[in-house]
Amino acid sequence: MGGGQWPVVLIITPLIGAALTPILARRRPQIAGYWALFVFSIVTLAAGVLMYRVSTQGPFSYYMGGWRPPLGIELRFDEFSASIGVICLIGWLSLMFSLAYAKHALPERRIPYYFALVLLCLGGMNGFAVTGDIFNLFVFLEILSLSGYALVAITGERIAELAAFKYLVMGAISSLSILLAVGFMYALTGTLNMTDLAMRLRDVEPFPVAVAVGALTLGFSVKAALLPLHIWLPDAHSIAPSPVSAILSGLVVKIGVLGMLRMYQILYKAQIFDLSALNTTLMWLGAISIVLGALFAMVQEDIKMMLAYSTISNIGYIFMGLGLASKYGIIGASVHIFNHALIKATLFLGAGALIHQTGYRNLEDLRGVGKAMPITSAAIAIGAISIVGIPPTAGFLCKWYIALGAIEAGRLFFAVTLLFGALFIFVYYIRMLNAFYFMPPAHPEILDVGEAPVTMLIPIVVLAMLCLLMGIFGRIPLSFIEPAVTNMLAPIGG
Amino acid sequence: MLLPIFGAGLVVPLSRVSERARAIGLTLVVALAAGLVALLIPGVLRGEIYGVRLFQMTPTISLSMRVDALGAMFAITAVVLWLLAVVYSFGYMADEHSTNRYFTFLMLALAWTLGVALAGNLLSFLVFYELFSILTYPLVVHEETPEAMAAGTKYITYIIIGGGLVLLAIMATYSMAGAQEFGSTAFFNADLSRTALLAVFWCFIVGFGVKAALIPLHGWVPDAHPAAPAPFSAVLSGIMVAAGSFGILRVLFNVFGIPLLKELGVAVPLSAIAAVTVIVAAILAIPQDNLKRRLAFSTISQMGYVIFGASLLSVSSMTGSFVHIANHAFMKGTLFFCAGVFIKRAGVHKVSEMAGIAKRHPITMAVFTLTSLSMIGTPPLSGFTSKWYLGLGVLDAGKPLYLVVLLGGALLAAVYLLPIIYAAYFKEPSPVVRDLLAKGSTAEAPWTMLGPLLAGTALTVVLGICASASGLPLSLAKLAAETLP
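Protein chains in written order, with this note's numbering: chain E, 390 to 883; chain C, 62 to 546.
Bear in mind the hints are in silico, worked out from the structure with no lab data behind them. The structure displayed is predicted, hence computed values, not measured ones. Built from N, CA and C at the ideal position, the CB exists for glycine as well. It is possible that some hints are incorrect.
[Stated by the list, open to error] Derived contacts from chain C toward chain E, CB cut-off under 8 Å, selection only:
#1 LEU144
#2 VAL202
#3 GLU205
#4 GLU208
#5 ILE221
#6 ILE222
#7 LEU228
#8 TYR235
#9 ALA238
#10 GLN241
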């Protein structure tokens, strides 16, 4: 098995890299960014190799130290793990963006810690995506969540600490509930390995499993900021430094969804009870998230606040797709995990560049910025069009699949909600674009502001291009997702 | 076929070098596109159908293009009107702000329009249709005045709702009939559930009806037209609204097909809606004082004719309906160009201020008169040709009562257009015009504005007198009407 160790590289490298960052950069904090970028380049390379392998040979496993499960730790790389592709891509670009951004936004002595935390967070996500056992799932979840809390607070502003604290409390509740579920599962089946778990769950009492599933759903929904559990998100995402917002909004939130997908993977295989009640709940919460998230976003003045509410709305799409439990619905939800990550990263990094250059973050103050920073504004416009789902951009594919899934499941109402949710979403993005392009500037000096430095501009442009290309070449993510979903829905043994 | 589409989008950034280079470059590109589309026509008339599969978006979704008679007719109309509008814009927009943005989006809009005209399946249609609806927003709000912004918001809201319904209908079509290319057979067959088919049908009609300005859904049209720059109003009226009608035509004939439409019995209510549109919009046009607003209502009324003719389902009414898309585009385009001259050169926006203006703008007013007569349906101008076929179709369909709608529409057109002409020639000059005349400055517009104006009129005349010449829209419309499933 040549290259079997690559999954380990994914996890270990960023963790070790993170630990070394503060030491290496003790004398010269500026070096930290380049070091982090270098470390993460290796990780990205490994991810590339793995993605290629899974697309040619299908899923495979790696056993730590050669110990087979149920005793050993299994790293399993399947199509869902291919989400590391997005994690690495956005992680890498955000790190690159941070090079210039951190210098400006953070006190110098905190810069090494900033990069160490980002690496830690990304490493945790990679681990989450490839692990094959639910206890490790929890461990990685904690790594990435804890670094997330710290990153929200890192600017050191008063309100940042408050936001981070709110995030921490909600996050702790979610972690506890997930840990509880993991404990339940272990007590019931005596295994932590996911594949084993699916097999053994068939023979146990359904009620405790239902409790565990409930706890898992609760935990992951908090992480994913599904509507009634979203209260931590807007503050945390808008206060954090922009590249961190991109990571939090594009990736960390999706970890909750990915967790749900993993849970469903087990449950569909185990087939112990009817999931329709859970599905219906998710579907409705998803629909409510879409509409309310969009409504909240509409009244925001702060551009990052608006983007944060927009994330809630989009998470609604994903949960609705999952809850529909039809093939197209789940495909749509999974595609949206990828595409929304790209789109939201574009928007947050773009917003970061605007804030970095102009010093303003309210829409009213940012009027006329389209003339001053044409490239960034154009990228944001592409992101906005994409998130609304105008064909042929990336967002369209998701909408198409989820709505098709709704029709397939015979729930026309949800298809309608979905399509008209897009109307609300469009209203607030059009407000943003109007301010950028068609209104006289509130501060005339804004017209003299130039484009952001190249290291910030490149990630934005690359992501914006991807927003377009992923729509036109939608078969690339689909080539991973389609087999994964088919596998997931097919019960064991045919 | 694809080159002009992408070429069009690329030229603007390149020609930022100088105003002149941009003018010449853009004209050349559009002319080239026009030439290429024109090249396709002889083949289409021979009954050939060109198709290109662009690429697979996903395993189930692909984009493809296809040239058939109806599409070719719409494409050539669009590209020629665009050529006029672009040339006109150089004159009209000379002292406006953000001209680069304006031209970029104008060219992009042409690309998407051609995409709509030549789309090979429903999804490609949708892709281009949405792009073109959304990306024209910057053109609608170009003036950046509060009215323009309000009109833009209204426009985008209507369009998104319409687009949502169309998307829903298209998805339903996919799940019911699978992915299919437009072709010689309709998508649906009669085995499918009647309720579902009806639901999909009305979803489509309402969705496209927003764009085509069928009467309860027309709200955005009278606001968007006066707010936009005149050359764009011309295109908006001549082509964009027509794109909605074109969508309805595709749905009627390519998705459902005549036999199924007859069986479902949906054509009768549709024709009733269209008839109401023709009459009510014309009545609403009469009291409008803003010239462009009056013309906008006229557009709504004329688009009613298109849907009306199509929904009668007889060959000659369909021919009349198809050819009216082309004829109306040039007529209405020219009228808006005239309105643009009055706005730009005389500062006159309102009908009531136009009294006596013929003394100052003899050429423009002559053109306006001629085109108005065509709009009313005076032979031998092009407006007459379409009405003639529509009338024949009404008789073929055995519903002579509907002739009242046709004639009523024409009569009302006379009521809302002729007073303008009367006032312009024979009334005492209004205060605004008197001041202008007193100043005695040379009045007529530069050649970049007058040229397209005259060309548009020439087309109106030619399409009327030589209507049956091969290669003109009528021949394509006839072919389309005969070959559609």
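Min Cβ distance, LEU144 of chain C to chain E: is it shorter than 8 Å? At 27 Å from the nearest chain E Cβ, LEU144 of chain C fails the 8 Å test, so the hint is violated.
Would you settle whether the hint for ILE221 of chain C is holds or violated, based on the nearest Cβ-Cβ distance to chain E being less than 8 Å? holds, 5 Å
Hint validity - GLU205 of chain C Cβ closer than 8 Å to any chain E Cβ: At 5 Å from the nearest chain E Cβ, GLU205 of chain C passes the 8 Å test, so the hint holds.
Minimum Cβ distance from ALA238 of chain C to chain E below 8 Å? violated, 13 Å
Quick check on ILE222 of chain C please, does its C-beta sit within 8 Å of some C-beta on chain E? Where the cut-off is 8 Å and the nearest Cβ of chain E is about 6 Å from ILE222 of chain C, the hint holds.
Against chain E, with CB atoms and a cut of 8 Å, does the hint on LEU228 of chain C hold up? LEU228 of chain C check passes; min Cβ-Cβ to chain E is 6 Å, inside 8 Å.
How about GLU208 of chain C: closest beta carbon in chain E under 8 Å, or not? Constraint on GLU208 of chain C not satisfied, violated at 13 Å.
Closer than 8 Å between Cβ atoms is the bar; does VAL202 of chain C clear it against chain E? Give me holds or violated. Interface hint status for VAL202 of chain C: holds (5 Å vs cutoff 8 Å).
Please check whether TYR235 of chain C passes as an interface residue: C-beta within 8 Å of a C-beta belonging to chain E. holds, 7 Å
Going by Cβ atoms only, is GLN241 of chain C closer than 8 Å to chain E? violated, 16 Å
Hint violations for this structure: numbers 1, 4, 9, 10, all remaining hints satisfied.
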